[in-house]
Amino acid sequence: MKHILKARKITFIFTLLIFSFSVNAQWNIPDYAKDTKPNVKPTYKLAELGKQLFIKNCIQCHGLPGEGKNNKAINAPDLGNVEYQSKHNAGQFYYQINEGMGFMPSFKDKLAKEDKWNITFYVKSFDENFKITGEEIKTKNGVIDLKKDDSAKTLIATASIVDKNGISKPSEGVEINFFVKRIFGNLPIGETVITDQNGTAVFKFPDDIPGDKNGKIKIIAKFKDSDAYGTAMKSAELNWGTHLHFVNPVLERTLWGPNNRVPIWLLLSFLIVTGGVWLTILYVVFQITQIKKAGK
Amino acid sequence: MKSKNTPAEKKDKKLTSRRNFLKKGLLAGAGTVLGAGVVGSFDAFAESGDSIKVLGPDGKILTVDKSHLKEIGARPESQMQTEGREGIPGRKWIKVIDLGKCRNARMCVAACQHAHQLKPEQYHVNVLRMDREGETAPFFMPKPCQHCDDPPCTKVCPVDATFKRQDGLVLIDNERCIGCRFCIAACPYSARIFNWTDPRDVEKYKDVEYDVELNVPQKKGTVSKCLFSANLLREERMPYCVTACPNGVYWFGDENENAVTNGTTKETVNFKKLLKDNAAYVLLPELGTQPRVYYLPEKNRLFPYKYNGSTELKKEHSS
Amino acid sequence: MSEVKHKDQKKSLSKIVDDLTRPIKRHYGFTPWILFLIAIMALGIWAYIIQIRDGLGVTAMRDYVSWGLYIASFIFFIATALIGMLISAVLGLIGIKWITPIARIAEMIAIGFAMWAGLIIIFDMGRPDRILNIFLHGRLQSPIVWDITVVTTYVAISLLLYLLPLIPDIPFLKKTMKDQPKWKQKIYEILSFGFKGHTEQYKLIKRLIRIMAILIIPVALAIHTVTSWLFALTLRVGWDSTIFGPYYVTGAFVTGGAAVLIAMFIFSRDFRLKEYITDFHFDKMGKLLVLLMLVYLYFNINEYLVPAYKMKTLDEHHLSGLFTGKFAVMFWTVQLGGLIIPIILMLFKKMRRPIPSLIIGIAVVIGAFFKRYLITIPTLLHPHLPIQNVPAEFSTYWPTAFEWSITMMAVAGAVLIITILAKLFPIMPIWEIAHEEGITNEEINQFVEEKNN
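One line per chain: the protein sequences are B, H and Z, in this order. One point on numbering: in numbering that gives the first Met the number 0, the residue at position 123 of the first sequence is 122, and numbering is uninterrupted. One point on numbering: in numbering that gives the first Met the number 0, the residue at position 60 of the second sequence is 59, and numbering is uninterrupted. One point on numbering: in numbering that gives the first Met the number 0, the residue at position 402 of the third sequence is 401, and numbering is uninterrupted.
Misleading hints may appear alongside valid ones.
Stated by the list, open to error - Partner residues aside, some chain H positions facing chain Z, computed with beta carbon under 8 Å:
hint: 1; residue: 137
hint: 2; residue: 193
hint: 3; residue: 233
hint: 4; residue: 281
What the hints assert, rightly or not - Here are the in silico distance ranges between beta carbons for each label pair:
hint: 5; chain 1: Z; residue 1: 297; chain 2: H; residue 2: 236; range: 56 to 62 Å
hint: 6; chain 1: Z; residue 1: 94; chain 2: B; residue 2: 277; range: 24 to 30 Å
hint: 7; chain 1: H; residue 1: 205; chain 2: B; residue 2: 152; range: 54 to 60 Å
hint: 8; chain 1: B; residue 1: 26; chain 2: H; residue 2: 281; range: 38 to 44 Å
hint: 9; chain 1: H; residue 1: 149; chain 2: B; residue 2: 271; range: 23 to 29 Å
Said to hold, decoys possible - 30 Å max Cα-Cα, derived DSSO-like pairs, lysine-lysine:
hint: 10; chain 1: B; residue 1: 292; chain 2: Z; residue 2: 202
hint: 11; chain 1: B; residue 1: 217; chain 2: H; residue 2: 265
hint: 12; chain 1: B; residue 1: 221; chain 2: B; residue 2: 44
hint: 13; chain 1: Z; residue 1: 422; chain 2: Z; residue 2: 24
hint: 14; chain 1: H; residue 1: 298; chain 2: B; residue 2: 68
hint: 15; chain 1: H; residue 1: 275; chain 2: B; residue 2: 109
hint: 16; chain 1: B; residue 1: 44; chain 2: H; residue 2: 265
hint: 17; chain 1: B; residue 1: 36; chain 2: B; residue 2: 112
hint: 18; chain 1: B; residue 1: 217; chain 2: B; residue 2: 152
hint: 19; chain 1: Z; residue 1: 205; chain 2: B; residue 2: 295
hint: 20; chain 1: Z; residue 1: 195; chain 2: Z; residue 2: 10
hint: 21; chain 1: Z; residue 1: 205; chain 2: B; residue 2: 291
Because the hints were derived from the structure by calculation, they are not lab data. All residues carry an ideal CB built from backbone N, CA and C; glycine is no exception.
Use the sequences and the hints to build the structure in full.
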């Protein structure tokens, strides 16, 4: 009971401090910020670049706008929130990226001016009153096909786009990235390849990718994240990885291992010393019983 | 703190909820069970049909074939113990901690304490304020168990209660620990704690089956320590602390795969390259313990060092 | 060499037997003394029950200072027990005669303290109910397993070294204790092992004593070396030392030597054996203690000066805590009052007389106890990584009443064993003293037979 109370107390203090911290440190956005303007017109293309930067720098705390995956514990708002959007125009948002506050770091020197504006465009694109020009990028259905060449350890990827009418045609200039499946995520490998006029690209598989004990490996080919082609991907099982030679360290005789893995030298020393001493003790005990005999 | 159920609490509910399960249309009960990834033997409602609806971990209602549930089946305690001692074949777990990103948010600490039935002053992972000699700048350093490859703690254990597994993890079996605390004295990283009194919420965890990979329920008079959330690793999920971090401090992965994944951004990178590019180091290398936790130096900091005392338990040690 | 000097006149066998068996027969302070010890132990048992019920949280130990008074007491007990080996084995084997009346006292101290040392380890365990795990799952790589092995062995050998020289005394007891309760006579009957005073029997017993006396030397060195390794085999500042083995062994001799001085005083006064434990014996024991303390001082200088000269960061924290910090008062009191001043004082003959010896002995023993405390606790307060985000109580340590009660129970328990042994058997070997007085085996046998008829 005492501990529960204590835990509650500490939690209380903790929450209180965070609370007071966030309350005390209010955003203090100067009026001029509202009128800060970018040098370029916002376009969907720039917003798309901003999205990539957003994923890299902001998603940890804010989550993607509108998805509600923001970190509430540190009061990081969901930037797609209507109320938030209505209270902050592009200039004010740009100011916030620049200056930072409390848990929000400052990106003044970390990002280029254009990048910061691109992020602003991306975030403001969730505001329906925000004017953004250019052609809205529509997702089309991309398809990847993979062929493997075991002798040369190369993969031939073919990219094609299926349009609205369901007609598939090879796509030139598509950037394709390759990944290997690892336990907690996909590891990018090698260089990005670009398809030629036939929609094909050749990918040389690196030699140093660890596979399982048979060298088996799962590989994934993906269009480079781009709304123009969607996120088509194709995976394949290969046995081109390096073979895993797994040695179970616990089977070795070590000082840190289990008792049945005690080092021989230790086992022998222990048995010889302890055995020798106890045999002597038993001998003496036995001799004590012989005292009577010695008296006869 | 959030009232999300810990796996152990969920498991606990499993026992009480079976009855409700039959009575109330069995949504919530099985959901918690599924969420924990440990599904009980569902003999109790064998006659309930070929497929049943359960509440999935993300809140969606799933229709699951009953036989499938049976297949997953709860590992009986003896099996949990054997598997837990053996470890996961072919793996070599590795953690990389980027000190440039840590700003003492302590989400890792909270998640860990929540999952492992720890009191606020009990740490499997602790975030320390480090201040080296001279004019060097102070920084925050999360300190979990280093899961050494030459562990001084398992060396001294008289009963094989703390042990190293083939996948590199150092675990503690609190059903065998005799409470001599030699491992605490032997650990140069102060990574081990002891249950001096009844653990937190002892009543609530009373009937929970012991899982050596989670070390829950904690037991009075035994040692406890960070275990890289071995129960999650078995389900191919990253440890509690790693995914709880809001700042991308933790990378976790398998050295055999030469890849680590960031718990926050879920980005996966080449492990050796990450170490090389960032001049990674290990703690107290001179002691020859060969840690499995690497640190990236506190350069290019995302946040300035700012200690506001908000996480301090009052009257902390000063010298 | 000097064994004859102190004897003014020869004592008759009947006087020796009478003097040494008298305390066994009647001893007026005995019952209150036993009750006193049992009262202390009862308090300790109560404290231990609470500790079992509520966990080790009733002690002042926490995650950083995870070993405390119990472990310090454990080293102290092992240390005290070591004197049995030095006196009855080493000095006995090289033929020093003045130890004859002291040897059994030293052996009694060894038995009492070694047995309770084993129990203290159990008091320190978080899960004493799982003690059998050590046998079911024991790891030979663990110094604790070595320690348990060697403590058990030492207790066994000490018991034999106590028992063997006792056997030839049993005939005296059997004859003089006719008026004593039946159970006592039964014990004497069993322990006589059919000893009749034959020359062959004397020869056999002397041979067995010799074997045990040789065997106990490596075992006793091992017991304390392994105990020191519980510390020295860790990567902790202040423990990570190569001289810990000999440092502990010499420290143990000092502790045990002082304990023997105290016991000599109490037994010679309380059992009215001043004629047997004379000023001469105090003088000799005092000289021996000075020698042991000088060796121990030498190891102390090595242990503290060498790291203090280099002052590695952690050593500096640790040593400044001892020299000038929060442990300074205890440290200097122990070093001066428990070692340096006793050395200086005991260089003077006057200070080696019984009463000064007693006072110095007590000072040395108390100093030795707190020295163990100073070896155990400050190191734990200086881990490699800072102690942070924990309550203040985690970074200090002073034992609670529970710990003191349980420790005092161990002390009382050890004293109780010594008391019981002293109440059952003569505290000096009658036959050896008789031999030293020039009484032959034939005379002894004749005496025993005579009384019998």
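Status of the hints after comparison with the structure:
1. 137: With a minimum Cβ separation of about 11 Å from chain Z (threshold 8 Å), the hint on residue 137 of chain H is violated.
2. 193: Holds: closest Cβ of chain Z sits about 6 Å from residue 193 of chain H, inside 8 Å.
3. 233: Because about 24 Å separates residue 233 of chain H from the closest Cβ in chain Z, which is outside the 8 Å limit, the hint is violated.
4. 281: violated, 13 Å
5. Z:297 with H:236: 56 to 62 Å: Check passed, 59 Å falls within 56 to 62 Å.
6. Z:94 with B:277: 24 to 30 Å: At roughly 28 Å between Cβ atoms, residue 277 of chain B and residue 94 of chain Z fall inside 24 to 30 Å, so the hint holds.
7. H:205 with B:152: 54 to 60 Å: holds, 57 Å
8. B:26 with H:281: 38 to 44 Å: The hint (38 to 44 Å, Cβ to Cβ) holds, given that residue 26 of chain B and residue 281 of chain H are roughly 41 Å apart.
9. H:149 with B:271: 23 to 29 Å: The hinted range 23 to 29 Å holds for residue 149 of chain H and residue 271 of chain B, with Cβ atoms some 27 Å apart.
10. B:292 with Z:202: holds, 13 Å
11. B:217 with H:265: holds, 18 Å
12. B:221 with B:44: Judged against 30 Å, a Cα distance of about 21 Å means the pair holds.
13. Z:422 with Z:24: holds, 8 Å
14. H:298 with B:68: It holds: about 29 Å lies between the C-alpha atoms, which stays within 30 Å.
15. H:275 with B:109: Status holds; Cα separation ~23 Å.
16. B:44 with H:265: holds, 25 Å
17. B:36 with B:112: Holds. Residue 36 of chain B to residue 112 of chain B sits at ~11 Å (cutoff 30 Å).
18. B:217 with B:152: holds, 14 Å
19. Z:205 with B:295: holds, 18 Å
20. Z:195 with Z:10: holds, 23 Å
21. Z:205 with B:291: holds, 15 Å
Violated hints for the displayed structure, listed by number in ascending order: 1, 3, 4.
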